[in-house]
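Peer 1: Sequence:
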Amino acid sequence: MPTAYEKEREANMARNRALLEELQLDKGGATFLGMPEKPAPVPPFKKRRPVVHQKNKKRKTPPPSDSGAESETPPSRVRKVATEVEGGLRRSSRNAGKTVNYEAEIAHGLPKIVTKKVGVDHDTEPNRRSGKRAHDPKTFGSIPGIAVGTWWETREDCSNDAIHAPWVAGISGSPEGAYSVALSGGYEDDIDLGEAFTFTGSGGRDLKGTKNAPKNLRTAPQSADQSFENPFNKALKISSETKKPVRVIRGFKLKSPFAPVEGYRYDGLYTVEKAWMERGLNPKGFLVCKFAFKRVPGQKPLVLGDAEGAEAEDEEDAFSDADDTPSEVQDTEDVSGSTN
DNA sequence: GGGCCCGCAGGG
DNA sequence: CCCTGCGGGCCC
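Going letter by letter, the first sequence gives residues 28 to 367 in the numbering used here.
Everything labelled a hint here was simulated from the structure, so no lab data went into it.
The beta-carbon is built from N, C-alpha and C at its ideal position, and this holds for glycine as well.
One or more of the hints may lead you astray.
Said to hold, decoys possible - In the EDC-like style, the derived pairs of lysine to aspartate or glutamate whose C-alpha atoms are separated by at most 20 Å in a straight line are:
id, residue 1, residue 2
1, Lys34, Glu215
2, Lys270, Glu49
3, Lys311, Glu33
4, Lys165, Glu268
5, Lys280, Glu203
6, Lys280, Asp216
7, Lys311, Asp184
8, Lys271, Asp233
9, Lys271, Asp184
10, Lys301, Glu289
11, Lys311, Glu49
12, Lys282, Glu215
13, Lys311, Glu180
14, Lys301, Asp216
15, Lys34, Asp216
16, Lys235, Asp252
As the list claims (entries may be wrong) - Pair ranges (Cβ atoms, derived):
id, residue 1, residue 2, range
17, Lys301, Glu203, 17 to 23 Å
18, Asp233, Glu35, 42 to 48 Å
19, Pro324, Thr30, 22 to 28 Å
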């Protein structure tokens with residue numbers, strides 16, 4: 028006997044799915060590997076394999092840099108890309124420690140600051156971690172040198188590549204609109220059809236607990252209504268009006284056939300097609316902000332999950348996209364794809 | 001595997 | 001400074 032709330036949820040989901048299917052059929056949409064001519068029957072979920080964490084927190088000692096020639100050679104570890112599957116490295120190289128000893132790295136002669144910019148004075152703040160960034164994450168559109176399909180083990184690595192700056196938050200934005208979002212399974216009722224998906228806003232979670240029982244959490248269940256007054260949600264709403272592209276990463280926790288099995292993957296640019304509110308999938312039916320995203324046509328096709336085979340076949344082309352810049356670090360401030 | 005607690009980036 | 005936030009390491 029479904030309750031009124033359950034029926035409402037069901038209706039919401041059906042309506043949202045219909046909306047996404049319509050978006051997918053839009054001209055230029057629908058382009059993931061192996062996609063049939065017609066609509067997309069979403070394949071069954073692949074079983075998610077959680078990241079296997081290494082007990083030993085120590086990071087692998089970085090290789091000694093090419094003595095002296097370090098002035099423009101970025102640390103090769105800054106970015107893990109799909110092409111690393113070659114040579115047996117695969118994705119099982121779970122060795123990126125969390126406790127990074129930057130002084131040790133500096134002692135090794137690795138340049139931690141690949142470029143300037145980003146509003147940081149690297150002369151006065153040489154140890155500032157964001158100084159590692161080669162590009163400003165607060166830009167709209169693609170990031171030079173970061174191909175669609177680029178993969179990272181952690182959100183931190185992704186952040187360093189300026190694709191999605193926050194380590195935890197799912198939305199990065201400003202009053203100008205949203206720069207990027209992370210699909211990481213935080214909301215069970217989000218639907219992911221690949222070329223189009225729904226996304227739930229932020230806020231309405233009880234992160235602090237009560238004064239007597241403080242929690243100090245980073246994520247928590249829904250405990251209040253969301254609203255578009257929330258700056259993150261507002262940014263996405265603005266994006267739905269300006270239609271500026273938003274970078275999208277999918278994480279391993281996302282329940283979707285398009286989610287990577289491990290880590291986080293950059294899946295290219297999407298536009299926010301619609302913003303609305305509805306009762307979310309939470310015990311008390313708190314309101315959440317919902318957004319419908321549609322992939323910008325003409326990008327490298329999505330892959331299903333890790334799509335082991337497809338990815339291996341594709342690795343030669345990992346950087347061959349027209350709007351991708353082959354080199355790791357740009358000297359120029361060229362921001363191709365930006366609609367700033 | 002769940003609970004806990006923490007650092008951190010980013011914005012106000 | 002304060003606060004938030006779809007991480008992640010660690011302990012049990």
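Peer 1: It remains to establish, for every hint, whether it holds in the given structure.
Peer 2: Against the structure, the hints:
Pair hint lysine 34 plus glutamate 215 holds up; C-alpha atoms about 17 Å apart against a cutoff of 20 Å. About 17 Å separates the Cα atoms of lysine 270 and glutamate 49, which keeps this hinted pair within 20 Å; it holds. With a CA separation close to 11 Å, the supplied pair lysine 311 and glutamate 33 stays within the 20 Å bound. A hinted pair counts as satisfied when its Cα atoms are at most 20 Å apart, and lysine 165 with glutamate 268 qualifies at roughly 18 Å.
Under the criterion of a C-alpha separation no larger than 20 Å, the hint pairing lysine 280 with glutamate 203 is inconsistent with the structure, at around 29 Å. Between lysine 280 and aspartate 216, the direct Cα distance comes to roughly 13 Å. Compliance with the 20 Å bound is thereby established for this hinted pair. With a C-alpha separation of about 36 Å, the suggested pairing of lysine 311 with aspartate 184 is violated against the 20 Å cut-off. Only pairs whose Cα atoms come within 20 Å are accepted, and lysine 271 paired with aspartate 233 is rejected, the gap being roughly 31 Å.
Proposed proximity of lysine 271 and aspartate 184 is contradicted: the alpha carbons are some 25 Å apart, above 20 Å. A hinted pair counts as satisfied when its Cα atoms are at most 20 Å apart, and lysine 301 with glutamate 289 does not qualify at roughly 30 Å. Of the supplied pair hints, the one linking lysine 311 and glutamate 49 is violated, its CA atoms being roughly 30 Å apart against a limit of 20 Å. In summary, the hint linking lysine 282 to glutamate 215 is supported, as the alpha carbons are separated by about 8 Å, within the 20 Å threshold.
At most 20 Å may separate the alpha-carbon atoms for a hinted pair to count; lysine 311 and glutamate 180 exceed this at roughly 35 Å. A hinted pair counts as satisfied when its Cα atoms are at most 20 Å apart, and lysine 301 with aspartate 216 qualifies at roughly 17 Å. Taking the CA atoms of lysine 34 and aspartate 216, the gap is near 14 Å; set against the 20 Å cutoff, the hint holds. Taking the CA atoms of lysine 235 and aspartate 252, the gap is about 16 Å. The hint holds against a cut of 20 Å.
Checked against the given bound of 17 to 23 Å, the beta carbons of lysine 301 and glutamate 203, roughly 19 Å apart, stay inside it. Look at aspartate 233 against glutamate 35: about 23 Å separates their beta carbons, and that is not inside 42 to 48 Å. For proline 324 and threonine 30, the Cβ-Cβ distance of about 41 Å falls outside the hinted range of 22 to 28 Å, so the restraint is violated.
The structure shown violates the earlier hints numbered 5, 7, 8, 9, 10, 11, 13, 18, 19.
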